[in-house]
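Residues in the sequence shown are numbered consecutively from 1, following my numbering.
In short, the hints are calculated from the structure, not lab data. No experiment lies behind these values; they were computed from the predicted model shown. Just so you know, not all the hints are guaranteed correct.
Said to hold, decoys possible - Listed next, with one range per pair, are the computed distances between beta-carbon atoms:
1) Thr47 <-> Val91: 33 to 41 angstroms
2) Ala92 <-> Thr141: 35 to 43 angstroms
3) Gln26 <-> Thr141: 21 to 29 angstroms
We put the beta carbon where it would ideally sit given N, CA and C, even for glycine.
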Amino acid sequence: MVLYQSPDEIAERSAAAMWDEDQASQGLGMTLVRIAAGVAVLSMPITAAMVNGHGLAHGGFIFTLADSAFAFACNSRNQRHVAQNCQITYVAPGKLGMVLTATAEERQRGDRSGIYDVTVRDAVGTVIAEFRGHSRSISGTLVG
C-alpha cells in the first residue's frame, strides 16, 4: 500500500537524497535551512578562504550558494532537473564573517522546464545578489 505524501514531504525526501551526495555545498559550510515544494533556503558563512585581499567574497562563492539553492528548489518535486542557464547580478559585496542566506522560489514550472528566482541576503536583509535560473528535466527521480 502506498501512502499519500504531501508535496512538502516529497520535497524533504528529495532534498535529503540530494544533500547526502552534495559534498561541495557541505564543504563550503552551507546549511539547508528550509525546503518545500518549489522553495529552498540555504545559508553559508563567508570564511577567510572565500575573501580576496580586500576582505570581500569572490563572486563565485556567492554564485555557488545561489546555484545550490536553485538546485534544491528545482529538484524539490522529485524529478531530476539540471541548470539550462543562469544569470546573476551582484548588488553588494559579501564580507568576511557574514552569513549569507539564499532563498530560491519557483516562478514557473512546466512539464520539462522551470524558472526560479534566488535572492541572496546578509543577516540584516541587505540584498547581496539576485539570481535567475532556468532548469531542464532529465530522466529519473531522486527517491523511489
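Results for each hint:
Range check, Thr47 to Val91: about 21 angstroms between beta-carbon atoms, so the 33 to 41 angstroms window is missed. Between Ala92 and Thr141 the beta carbons are some 38 angstroms apart, a value that agrees with the proposed interval 35 to 43 angstroms. Separated by about 22 angstroms at the C-beta atoms, Gln26 and Thr141 satisfy the suggested range of 21 to 29 angstroms.
Figure legend: structure checked against the earlier numbered hints; the only hint not met is number 1.
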